[in-house]
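Number of protein chains: 6
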Amino acid sequence: MKATVTRKVSFNSAHRLYNPKWDIETNDRIFGLCNNPNYHGHNYDLFVKVRGEIDNDTGYVMDLKVLKDLTDEIICSRFDHANLNLDIPEFNQEIGGLNPTAENVAKVCWDLLRPHLDSKLQLWVVLYETPRNFVEYDGQ
Amino acid sequence: MKATVTRKVSFNSAHRLYNPKWDIETNDRIFGLCNNPNYHGHNYDLFVKVRGEIDNDTGYVMDLKVLKDLTDEIICSRFDHANLNLDIPEFNQEIGGLNPTAENVAKVCWDLLRPHLDSKLQLWVVLYETPRNFVEYDGQ
Amino acid sequence: MKATVTRKVSFNSAHRLYNPKWDIETNDRIFGLCNNPNYHGHNYDLFVKVRGEIDNDTGYVMDLKVLKDLTDEIICSRFDHANLNLDIPEFNQEIGGLNPTAENVAKVCWDLLRPHLDSKLQLWVVLYETPRNFVEYDGQ
Amino acid sequence: MKATVTRKVSFNSAHRLYNPKWDIETNDRIFGLCNNPNYHGHNYDLFVKVRGEIDNDTGYVMDLKVLKDLTDEIICSRFDHANLNLDIPEFNQEIGGLNPTAENVAKVCWDLLRPHLDSKLQLWVVLYETPRNFVEYDGQ
Amino acid sequence: MKATVTRKVSFNSAHRLYNPKWDIETNDRIFGLCNNPNYHGHNYDLFVKVRGEIDNDTGYVMDLKVLKDLTDEIICSRFDHANLNLDIPEFNQEIGGLNPTAENVAKVCWDLLRPHLDSKLQLWVVLYETPRNFVEYDGQ
Amino acid sequence: MKATVTRKVSFNSAHRLYNPKWDIETNDRIFGLCNNPNYHGHNYDLFVKVRGEIDNDTGYVMDLKVLKDLTDEIICSRFDHANLNLDIPEFNQEIGGLNPTAENVAKVCWDLLRPHLDSKLQLWVVLYETPRNFVEYDGQ
Chain G
138 MKATVTRKVS FNSAHRLYNP KWDIETNDRI FGLCNNPNYH GHNYDLFVKV
188 RGEIDNDTGY VMDLKVLKDL TDEIICSRFD HANLNLDIPE FNQEIGGLNP
238 TAENVAKVCW DLLRPHLDSK LQLWVVLYET PRNFVEYDGQ
Chain B
138 MKATVTRKVS FNSAHRLYNP KWDIETNDRI FGLCNNPNYH GHNYDLFVKV
188 RGEIDNDTGY VMDLKVLKDL TDEIICSRFD HANLNLDIPE FNQEIGGLNP
238 TAENVAKVCW DLLRPHLDSK LQLWVVLYET PRNFVEYDGQ
Chain R
138 MKATVTRKVS FNSAHRLYNP KWDIETNDRI FGLCNNPNYH GHNYDLFVKV
188 RGEIDNDTGY VMDLKVLKDL TDEIICSRFD HANLNLDIPE FNQEIGGLNP
238 TAENVAKVCW DLLRPHLDSK LQLWVVLYET PRNFVEYDGQ
Chain S
138 MKATVTRKVS FNSAHRLYNP KWDIETNDRI FGLCNNPNYH GHNYDLFVKV
188 RGEIDNDTGY VMDLKVLKDL TDEIICSRFD HANLNLDIPE FNQEIGGLNP
238 TAENVAKVCW DLLRPHLDSK LQLWVVLYET PRNFVEYDGQ
Chain E
138 MKATVTRKVS FNSAHRLYNP KWDIETNDRI FGLCNNPNYH GHNYDLFVKV
188 RGEIDNDTGY VMDLKVLKDL TDEIICSRFD HANLNLDIPE FNQEIGGLNP
238 TAENVAKVCW DLLRPHLDSK LQLWVVLYET PRNFVEYDGQ
Chain Z
138 MKATVTRKVS FNSAHRLYNP KWDIETNDRI FGLCNNPNYH GHNYDLFVKV
188 RGEIDNDTGY VMDLKVLKDL TDEIICSRFD HANLNLDIPE FNQEIGGLNP
238 TAENVAKVCW DLLRPHLDSK LQLWVVLYET PRNFVEYDGQ
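Quick note, the sequences are listed as chains G, B, R, S, E and Z, same order. So in my numbering, spot 83 of the first sequence is number 220, and the numbers just go up one at a time. So in my numbering, spot 130 of the second sequence is number 267, and the numbers just go up one at a time. So in my numbering, spot 69 of the third sequence is number 206, and the numbers just go up one at a time. So in my numbering, spot 2 of the fourth sequence is number 139, and the numbers just go up one at a time. So in my numbering, spot 50 of the fifth sequence is number 187, and the numbers just go up one at a time. So in my numbering, spot 101 of the sixth sequence is number 238, and the numbers just go up one at a time.
The list makes no distinction among identical chains, and a pair is therefore deemed to hold if it is satisfied within one copy or across any two copies.
Calculated pairs, SDA-like style, for lysine to any residue (alpha carbon to alpha carbon, straight line, at most 20 Å):
#1 LYS158 with ASP194
#2 LYS202 with ASN270
#3 LYS186 with LEU254
#4 LYS158 with GLU227
#5 LYS257 with ASN193
#6 LYS139 with ASP275
#7 LYS158 with THR195
#8 LYS202 with ILE167
#9 LYS205 with GLY169
#10 LYS139 with TRP261
#11 LYS202 with THR163
#12 LYS202 with ASP192
#13 LYS145 with THR267
#14 LYS202 with LEU170
#15 LYS139 with LYS186
#16 LYS186 with GLN277
Simulated from the structure, these hints should not be mistaken for lab results.
Make a model of the complete structure from these sequences and hints.
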């Protein structure tokens, strides 16, 4: 018997969207207000979803306390109250990082979590940038 | 690398559920209070979901601002502060429209949006009629 | 020792805003889309708030189950799945009713509930027309 | 044309997590605070999701009022204001019941509902134990 | 210049409502399902509200991190995953505690917090027992 | 007859908390992570509340569409996707601005709105920095 368990966590971060290969006009045209060079920010809500067998002895797919502590350690303690572009190498485009769109923040969260989970477990993440804009990523 | 992006929009509308081929008693039995001939109404929340490749240059599956503007133009500007049965031909059963159940409102939203999106993108919609009643439709 | 207890209830209704003493142009200018003669609608959330002494024997200001049943009987069973203008005399302007703005719907709810509550209890209501628009009324 | 309809219901219950085959130390290590022998509790939100064909005559996959009444009768009237371990045989481990983890509560809800739904309809459930912890179960 | 700052915290607890001076029939009549002797439970949300001068040097009425840590220590660490009647002396009616209605839980939270706050600060609390039932208490 | 009407708006901004008169150690001790020199950010929700007489002709205290447009023009169009410290003079401490704590952001919003409202109307604002932290300000 399989089930999917989800833990919601949150982090508050600044970011800016731009492509360093483009000139200012192109960045403004594509990213609009999100390209403010002084940054803006969001309260991000991250839902970490894990699917697997329900263990007969515990009744758990995975202890959500363990999933929370793992996510806090790997993601929230790094991303919360940070500037994604400046403080998180994965989003520093000067050194090959990704533009911190919601899609790419979700992808980086997934990439960071995947190695820490049992390979029998499926993983996907849902990232809310605002209550009206959100992204799902499952590694495929 | 694929991701799913979602934009939430809202519209406030009146509607009435009934089948013009049935008599009053049958309509009352099937649709109950929803068959009030004077109409009732809802704050509808529509989640438009699009799945596709994350673009390498933008980090976007699709610019959610573009998706919002498209949805506002095609759906919200028509449905908001409208009577679905009387003001929206797709739900006018006198001229072959559909009964505006949540299922059919979701289907019509999907049908309206689909032609405007790149054929490489998957589309589905989630329509909340109330916070306790909602419907998902993916065109299949 | 006093406390304030609140019970949230909901009703889904159609309505139209207009002043029958004004011509169409004035009504359109003042009420805009809300003046659609075919009506539009909302999921209304009503918070009924009662302040009074905490009873020593029950630990209650007032049993919230009793407050819920009273509100369901007096308000929700009448307003839910109704057209406020056509089905609820309090909002039928042909017979002296009020224009069903959020302010007036809140006032009517308060006026309907007040006679049923002990005079030692203070009453006020909060009415959400949408999650972004709401009104408070306390009878003063 | 298929759609998925969802109805949200709620119940407030006490529970305790433990495995009667383990000693106290092991139960405390695995279940932590959730193993309080005096119980703790939650406001559970249950989303019942049904997928099937949209009926041409009604515009419904299934009348959500019928789905609500069924769920109230089979689940909410039994689980609400109950102690899951003591009052609900499905979670009484003395008589072969399951440990009432969110996973197992979701599974039991699904098992209880499945026989009452048309075999052409797909069923899954989402159970929120808290706004930050939830579980999905689809019978597979 | 004064402002009011609010911090929301949560705890999940079991409880039972009854008056030990009454017989079973009276308790059932007054408290209904809430008098289940096996207990039921809730996800409580507590909003702690403090009003005072905005400090010129910090721009704070009070550091909300300090308010959170104080509330966690004094309330959440004791009430979370607890049985209010059995584990919290303030609600043990055998030893003079209060019946754990929402009103009384709010009052006890206020009484516990008040001595730890500067006397220049006003304090009140809002306690949600469910999203539809909540109570405010200000010590008066 | 008086009522209070509320309109909720949102803006997403970066900010940093610090006092330029203090050294780094003091700022870190007082403001902790909020003193990240690279900024962090939030989705701010602002509730603008106006109390006044219900107009007999319109049934409005104030047209919430007018209140929304005013707030968008004066606050949201300036604060949204901005860095409060760098882009908004009211929070630039180099030129006498205020430290952008939630208290001070609420105060500045109130100060900006007050001159645009009829002096017969009372005004207060509620600013959510996160769903768990919020501030109310009424000009007193």
